[in-house]
Amino acid sequence: MVEKLEKLLVVKDINKSYVGVQALDKVNLSINRGEIRCLVGENGSGKSTLIKIISGVVKPDEGEIIINGKKFRNLHAIDSISEGIQVIYQDLSLFPNLSIAENISLNQIIEKKKRLINWKEIRDIAERELCNINKKLDLDERVENISIANKQLVAICRALTQDAKLIIMDEPTTAITKSEINRLFSVILGLKKKGISTLFVSHKLSEVLHISEKVTVIRDGKLVGVYNTEELDYDTLSFYMSGKKIVDTVFNYQEKEKQKEPLLEVKNLSKKSNFQNINFKVRSGEIIGITGILGSGRTELALSLFGLNKPDSGEIYIDGKLVKIKSPRDAIELGLSYLPEDRLNQGLFIKQSIGNNIVITILQRLLNRFKMFDNNKKYETAKEWVKDLNVITPSLETVAQALSGGNQQRVVIAKWLATLPKIFILDCPTVGIDIASKSNIHNIIKELANKGIGIIIISDEIPEIIRNCNRIILLREGRIVKKVNTDEMTEDKLLDILARKSN
Amino acid sequence: MLKNNRSSKIRKLLKKNELYLFLVIIAYSLFITSINSSFLSLENMFDLGKSSAGMGIMAIGVFIVLLSGGIDISFTAIAISGQYIAARVLIASGVDNIIFAFLISCLVGVALGAINGLLISYYKIPTLITTLGTASIFHGALLTIVGTKAINSAQLPDCFKIFGAKDLFILTKPNGVNYGLSIFIIMFIVLALLTWLILKYTMLGRGIYAIGGDINSAVRSGFNVAKNQLFIYCYVGFLAGIAGVLHISLIRYSNPTYLVGTELSVIAAVVLGGTRITGGSGTIIGTIMGVAMVTILNNSLILVGLSSYWHNFFVGLIIIISVCITSYQSKRSIGNIIFR
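Top line first, the protein sequences correspond to chains P and H. With numbering that gives the first Met the number 0 applied, the first sequence closes on residue 502, and no number is skipped along the way. With numbering that gives the first Met the number 0 applied, the second sequence closes on residue 339, and no number is skipped along the way.
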């Protein structure tokens with residue numbers, strides 16, 4: 000009897016197919032009270048379908064769902080919520096314009112079917128739940144003004160107001176910093192003590208693994224297995240997830256011939272409350288990694304090099320010549336390219352065809368002698384890049400939206416390579432991309448370096464930096480704290496330096 | 000701690016657009032008074048209040064639509080429909096009663112508002128397109144079905160005239176001229192208060208904020224978004240109905256082509272009052288001040304000796320300036336978030 004109650008959620012032999020595609024094939028999952036579990040799988044592996052089935056949004060074709068010992072034939076969203084299952088989606092579903100107090104409490108008030116608002120009650124509920132997770136926040140602050148990590152805590156508090164027994168968090172650590180992740184983990188561990196289970200859903204080999212007790216891996220809609228976290232390391236897990244052995248080679252930089260001038264040199268670049276006194280050089284064929292936590296000024300620095308964030312002082316030299324970069328247009332003309340972190344909003348015209356996306360940076364070059372747009376030239380150019388970078392797509396007319404993350408990123412890379420850059424800045428080039436595509440993109444980057452392009456990779460994924468760069472620049476609070484050659488560095492050492500500030 | 004608390008309160012106050020708008024209104028009023036001393040007199044204030052009450056009531060409606068992330072440009076067509084139909088019914092039936100007039104006008108308003116609301120909530124048509132279309136339909140239907148003939152002062156039922164002259168109390172100037180606080184102003188204040196109460200203390204009101212903040216989150220949280228939207232557009236219709244009656248009582252004349260065309264300056268007043276055009280944020284106090292600013296501007300140009308044609312020019316200018324300031328502020332605060 001007691002044994003049975005230990006199990007909070009049991010999902011047995013779930014089958015689900017959408018028109019012709021088997022999204023889930025006999026998947027099992029069982030979670031104990033107070034357990035911290037991780038569900039990993041690449042994009043399209045069926046993770047989100049499984050979550051939707053557990054939360055009652057999607058009906059399985061076959062299989063059993065047992066929550067709190069109750070068997071549900073036909074699980075509705077309301078049943079799932081009243082049994083204490085709460086999903087925190089990646090977008091958090093908060094109201095940016097409302098106060099923290101309201102964001103935490105409104106759901107409960109709605110559930111009670113109240114018509115009038117008692118502000119004291121709203122504040123009391125919010126205060127109680129924040130206290131529950133040992134956190135102090137200004138109840139009256141609007142949610143749009145707080146950090147993503149705090150927004151996440153607000154969402155957790157909201158889930159707690161509805162008697163959550165299992166909190167499912169979708170990709171919780173993609174947008175928050177190391178120290179914030181630690182804070183989130185301490186909250187999760189606190190909930191565990193109260194008997195509340197957590198299920199992390201992720202397609203990244205990320206920090207969530209560290210605090211999960213067990214990891215469920217699914218691939219192509221099938222259960223690969225359930226593993227104790229201690230048994231797993233990066234390579235075995237990526238093998239389970241992708242089904243392929245990924246060989247990542249370390250990048251070795253050899254200066255081909257003596258270069259007189261570096262491709263890019265930055266001297267004493269400063270911008271108030273962004274970064275201070277930044278000095279570094281990039282030589283032809285080098286891959287420089289810039290890392291630091293969110294807020295260390297890494298992206299701001301990149302934006303300044305690309306003419307999107309005017310620095311207060313300092314100099315930028317390209318090929319030894321002092322240059323002024325006032326706009327992206329200037330930057331492109333000087334041979335700079337910038338791949339933004341936010342691929343969907345900043346990198347692509349998501350509703351436009353792949354062909355149009357690739358040629359957008361070089362429209363000038365596609366004009367014929369009457370200064371009219373030459374569609375054949377466009378087609379040829381785009382086709383070449385799609386072939387060169389292995390973009391898998393049915394045609395050039397396919398809209399960018401329809402591609403997987405990895406293919407989308409290759410389109411963005413193609414679009415910038417089309418400008419024939421001398422210096423390529425890549426801001427988090429593999430964020431949200433599955434492992435196989437990731438290593439493919441890394442190989443593309445290394446090949447580019449071998450062709451003599453100077454490359455800057457900005458990333459907070461330490462393995463990415465270590466395996467792909469020949470030199471590393473560490474930023475903290477807008478200042479360079481360390482410049483090292485990669486061969487003098489290990490992952491652990493790097494993590495250690497990065498974490499030092501955080502407390 | 001206490002001191003800290005107080006200083007953070009002051010900082011919050013300084014962040015509010017309302018404060019700056021208030022200071023601008025005061026400064027401008029003082030400037031106008033220095034040119035024409037009669038401007039800041041109680042009589043002129045009462046007069047301004049009375050003539051702008053109708054616009055103010057429509058502005059309240061626009062305010063809650065904007066708050067919910069929508070926009071309504073059909074409310075002037077609704078107001079004139081309510082007004083003209085009410086006047087026609089009163090004349091035809093011989094019932095000379097202002098309550099009856101309000102009843103008809105508001106009924107027409109709510110019915111037309113419900114059409115907007117249904118189209119928007121059930122068919123999920125963008126609010127701008129919906130109300131652009133219905134504004135045309137409502138006004139066109141009024142002109143073709145009900146008529147185009149103006150109702151002049153002689154034909155107008157007495158109840159409108161009596162209501163239009165009703166003051167709550169009367170004061171006498173030293174030169175013997177009487178002036179008073181019009182009941183229009185009281186109605187405006189009551190409706191503003193009612194709206195404030197709905198927004199602040201009912202789930203319906205919080206739902207309007209929630210929808211304006213993030214409509215998908217509102218659905219996931221369990222708000223009945225469709226019902227909420229239906230309410231919003233009916234309420235706008237209701238307010239437009241009231242504004243229609245105030246308008247006819249003020250000018251003692253009804254022409255079914257009036258009012259339509261003034262919707263943009265009402266929306267402008269609301270935006271000027273700090274309500275975000277993208278939804279989710281704004282206050283009723285701000286809306287009232289926005290209306291006050293536009294009214295004062297309108298009234299003062301003549302006092303300063305400028306043609307009233309300058310009115311549009313200045314309203315536009317003020318809006319652009321105020322939006323620039325807001326945009327600048329939010330740009331700065333985004334910078335702050337990154338480096339917190």
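No lab work stands behind these hints: they were computed from the structure. Heads up, some of the hints might be wrong.
Unchecked claim - With a cut-off of at most 16 Å between alpha-carbon atoms, the simulated EDC-like pairs for lysine to aspartate or glutamate come out as follows:
no., chain 1, residue 1, chain 2, residue 2
1, P, K6, P, E63
2, P, K213, P, D232
3, P, K280, P, E260
4, H, K199, P, E120
5, H, K15, P, E140
6, P, K325, P, E340
7, P, K421, P, D329
8, H, K199, P, D139
9, H, K15, P, D139
10, P, K150, P, D162
11, P, K266, P, D318
Small disclaimer: the values here were computed from a predicted structure and weren't measured.
Worksheet item: K150/P and D162/P: Cα distance at most 16 Å?
Response: violated (19 Å)
Item to complete: For the pair supplied as a hint, K199/H and E120/P, confirm whether the alpha-carbon distance does not exceed 16 Å.
Response: Answer holds: K199/H to E120/P is near 14 Å, not above 16 Å.
Worksheet item: Are the Cα atoms of K213/P and D232/P separated by 16 Å or less?
Response: The hint holds at about 13 Å.
Fill in: Holds or violated: K199/H to D139/P, with C-alpha atoms at most 16 Å apart
Cα-Cα ~14 Å, so holds.
Practice prompt. With a cut-off of 16 Å on the C-alpha distance, tell me whether K266/P and D318/P pass.
Written response: holds (14 Å)
Worksheet entry | Hint consistency between K421/P and D329/P [alpha-carbon to alpha-carbon, up to 16 Å] | Roughly 14 Å separates the two Cα atoms, so the pair holds.
Practice prompt. Mind checking the alpha carbons of K15/H and D139/P for me, to see if they're no more than 16 Å apart?
Written response: holds (14 Å)
Practice prompt. For the pair we were handed, K325/P and E340/P, check the Cα-Cα distance against 16 Å.
Written response: Answer violated: K325/P to E340/P is near 21 Å, above 16 Å.
Discussion item. Can you confirm whether the C-alpha distance between K6/P and E63/P stays at or below 16 Å?
Written reply: holds (14 Å)
Discussion item. Check whether the Cα positions of K15/H and E140/P lie no farther apart than 16 Å.
Written reply: At roughly 14 Å apart (the allowed maximum being 16 Å), E140/P and K15/H satisfy the hint.
Worksheet item: Are the Cα positions of K280/P and E260/P separated by 16 Å at most?
Response: holds (9 Å)
Taken one by one, the earlier hints fail for this structure at numbers 6, 10, listed in ascending order.
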